[in-house]
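> Chain by chain, the residues:
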Amino acid sequence: MSKTWSQKLKIKQFKDFEVTPENLFKNRRALLKSAVALGLLPSRSYGHVADIEGYRPWDQESPGILNSYEDITNYNNFYEFGLDKADPARYSHTLETHPWQVEISGLTNKPGVYDLEEIIQSMQLEERIYKLRCVEAWSMIVPWIGFPLGSFLNQFEPHTNATFVQFFTLYDTDMMPGQRSRVLDWPYREGLTMEEAMHPLSFLATGLYGKTLPNQNGAPIRLVVPWKYGFKSIKSIVKIVFTDQKPLTSWNQANAREYGFYSNVNPNVSHPRWSQAYERVLGQGFFTPRVPTEMFNGYGEQVAHLYDGLDLQINY
Amino acid sequence: MLPIKPLKWIAFILSSLPLLILILGIINFINLGPNIVEAVLHRTGNTSLNLLMIVLVLPLMAKHTLFRNFIVLSRMLGLFSFFYAGLHLCVYLFIDRNMSILSIQDDLSVGPTSWQE
Chain A
3 MSKTWSQKLK
13 IKQFKDFEVT
23 PENLFKNRRA
33 LLKSAVALGL
43 LPSRSYGHVA
53 DIEGYRPWDQ
63 ESPGILNSYE
73 DITNYNNFYE
83 FGLDKADPAR
93 YSHTLETHPW
103 QVEISGLTNK
113 PGVYDLEEII
123 QSMQLEERIY
133 KLRCVEAWSM
143 IVPWIGFPLG
153 SFLNQFEPHT
163 NATFVQFFTL
173 YDTDMMPGQR
183 SRVLDWPYRE
193 GLTMEEAMHP
203 LSFLATGLYG
213 KTLPNQNGAP
223 IRLVVPWKYG
233 FKSIKSIVKI
243 VFTDQKPLTS
253 WNQANAREYG
263 FYSNVNPNVS
273 HPRWSQAYER
283 VLGQGFFTPR
293 VPTEMFNGYG
303 EQVAHLYDGL
313 DLQINY
Chain B
2 MLPIKPLKWI
12 AFILSSLPLL
22 ILILGIINFI
32 NLGPNIVEAV
42 LHRTGNTSLN
52 LLMIVLVLPL
62 MAKHTLFRNF
72 IVLSRMLGLF
82 SFFYAGLHLC
92 VYLFIDRNMS
102 ILSIQDDLSV
112 GPTSWQE
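Line by line, the protein sequences are chains A and B.
Quick note: the first sequence, position 80, residue 82 per the working numbering, numbers continuous.
Quick note: the second sequence, position 53, residue 54 per the working numbering, numbers continuous.
Misleading hints may appear alongside valid ones.
Label-pair distances were calculated between CB atoms; the ranges are [as the list claims (entries may be wrong)]: (1) A:257 <-> B:58: 30 to 38 Å; (2) A:260 <-> B:99: 44 to 52 Å; (3) A:289 <-> B:50: 19 to 27 Å; (4) B:95 <-> A:260: 26 to 34 Å.
Pulled from the structure, derived: some chain B residues nowhere near chain A, Cβ distances all over 12 Å [claimed, not checked]: (5) 7; (6) 28; (7) 38; (8) 96.
If you want the ones that stay clear, here's a sample from chain B, every Cβ over 12 Å from chain A, calculated [to be verified]: (9) 4; (10) 8; (11) 21; (12) 27; (13) 35; (14) 40; (15) 41; (16) 54; (17) 58; (18) 69; (19) 84; (20) 89; (21) 92; (22) 95.
These are computed hints drawn from the structure, not numbers from a lab.
Yeah, the Cβ is synthetic: ideal placement off N, Cα and C, and Gly gets one too.
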């Protein structure tokens, strides 16, 4: 008897009784779905993420081994959705990101309210593989997609006396139920000096891992400043203001002794409650030790000159 | 009222479950999240305190409720509480800080509370 094509290719042939009948596996899926609904299995919500086409891939060396999509999207600090690391992935589905508008105001020639879709279409999207160092002494490597902050801001022709940029997260207690608690003075606010904002490393991300941002990672648009602690990289931005005064930032306002305006990654300046000298790289095994934290999170060569003559022990 | 012997076995098995979950997590059989060390630290610490609370409540239960014979669990649950606290300390010293005296000293020097993290 001549061999069939699947025998020639040595593909395993399934006998009828080995194949799960369709109605059975459909039942299994329904069972799994009801288990999720009952809270027996963790649900993994990624909202409506879509593939991003036509971005320029990262062509430089990665600062480390990429963390998995699952790690990046299930271990988040986003107090608008709860204080636990797993809360944002569980509860951020209430955030509606379509349509989304960003208001630009302050010392600029082109103030106004801009549609995010149009902004994204006007920018050349690119990938940036950055290391994110949290103030809580852990880090992960994330492949962001977005565009440089500086070239975006320049479109709005900021005045020459604009020395700072302030950012605001959405304030909406229905979409962001965590804002009903008083942990922070909402909305979340962050700020950069104009020099920092114009630095080529400063980045506005609209996606990660080739897809649009899931809500828990700050959809639809967030800041990424890799040489500063993660909380500087404000999420779900609705407003950007050019100003000539050092802006109020949320964590600095909540506890100025613990969180400075600059908040550059600095192993030599401890947080008042823990050391910043070492960090745990996430996604590693149980027995992998902490690694020493690098000055400016390893981006010192590119950014150290921004702080010439500034005492970083005082301006932490 | 449950007889004492099965009661003790049930308590033993229930108190061992958190340890089983940790072991399965460490060998990556179940997912404890991307920060396994932090998860193990939190779980051992919480389990120890939870068991301690139960031990402290047992005398009250014996006095005011019908669960009088639960008092025989005091020693076992107390030892379990101590065991999880010991694990918590060991994981901190040998795994989280990797026995690095410098790193521990550094952590202690900045203040009495390192609780958040």
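> Taking the hints in turn, state whether each one holds.
Results for each hint:
Between residue 257 of chain A and residue 58 of chain B the beta carbon distance is about 36 Å. The supplied range of 30 to 38 Å therefore holds. Checked against the given bound of 44 to 52 Å, the beta carbons of residue 260 of chain A and residue 99 of chain B, roughly 26 Å apart, lie outside it. Separation of residue 289 of chain A from residue 50 of chain B is about 26 Å and conforms to the stated range, judged on CB atoms against 19 to 27 Å. Checked against the hint of 26 to 34 Å, the pair residue 95 of chain B and residue 260 of chain A passes, with Cβ atoms roughly 29 Å apart.
The claim that residue 7 of chain B lies off the interface holds: its Cβ sits roughly 27 Å from the closest Cβ of chain A, which is beyond the 12 Å cut-off. The non-interface label for residue 28 of chain B is inconsistent with chain A: the shortest C-beta to C-beta separation is roughly 9 Å, within 12 Å. The claim that residue 38 of chain B lies off the interface is violated: its Cβ sits roughly 6 Å from the closest Cβ of chain A, which falls inside the 12 Å cut-off. Residue-level check failed: residue 96 of chain B sits 7 Å from the nearest beta carbon of chain A, not beyond 12 Å.
Interface exclusion of residue 4 of chain B from chain A stands, the closest Cβ pair being 32 Å apart, more than 12 Å. Residue 8 of chain B, annotated as away from the interface, keeps every beta carbon of chain A farther than 12 Å; the closest lies near 28 Å. Listed as a non-interface residue, residue 21 of chain B keeps its Cβ farther than 12 Å from every Cβ of chain A; the least gap is roughly 15 Å. A beta-carbon of chain A is positioned within 12 Å of the beta-carbon of residue 27 of chain B; the least distance is around 5 Å.
The claim that residue 35 of chain B is not at the interface with chain A is violated, since a C-beta of that chain comes within 12 Å of its own (minimum 4 Å). The non-interface label for residue 40 of chain B is inconsistent with chain A: the shortest C-beta to C-beta separation is roughly 9 Å, within 12 Å. At the 12 Å boundary, the C-beta of residue 41 of chain B falls inside the reach of chain A, the nearest C-beta of that chain being 7 Å off. No Cβ of chain A comes within 12 Å of the Cβ of residue 54 of chain B; the nearest lies about 21 Å off, and the non-interface call holds.
Consistency note on residue 58 of chain B: stated as away from chain A, and its beta-carbon is indeed over 12 Å from all of that chain's, at 26 Å minimum. No beta-carbon of chain A is positioned within 12 Å of the beta-carbon of residue 69 of chain B; the least distance is around 35 Å. Distance check on residue 84 of chain B: its Cβ is at least 19 Å (rounded) from any Cβ of chain A, clearing the 12 Å threshold; non-interface status holds. With 12 Å as the threshold on Cβ separation, the claim that residue 89 of chain B sits away from chain A holds: the shortest Cβ distance comes to roughly 14 Å.
Chain A draws residue 92 of chain B into its interface by the beta-carbon criterion, the shortest separation being 9 Å against a cut-off of 12 Å. At roughly 10 Å from the closest C-beta of chain A, the C-beta of residue 95 of chain B falls inside 12 Å, breaking its exclusion from the interface.
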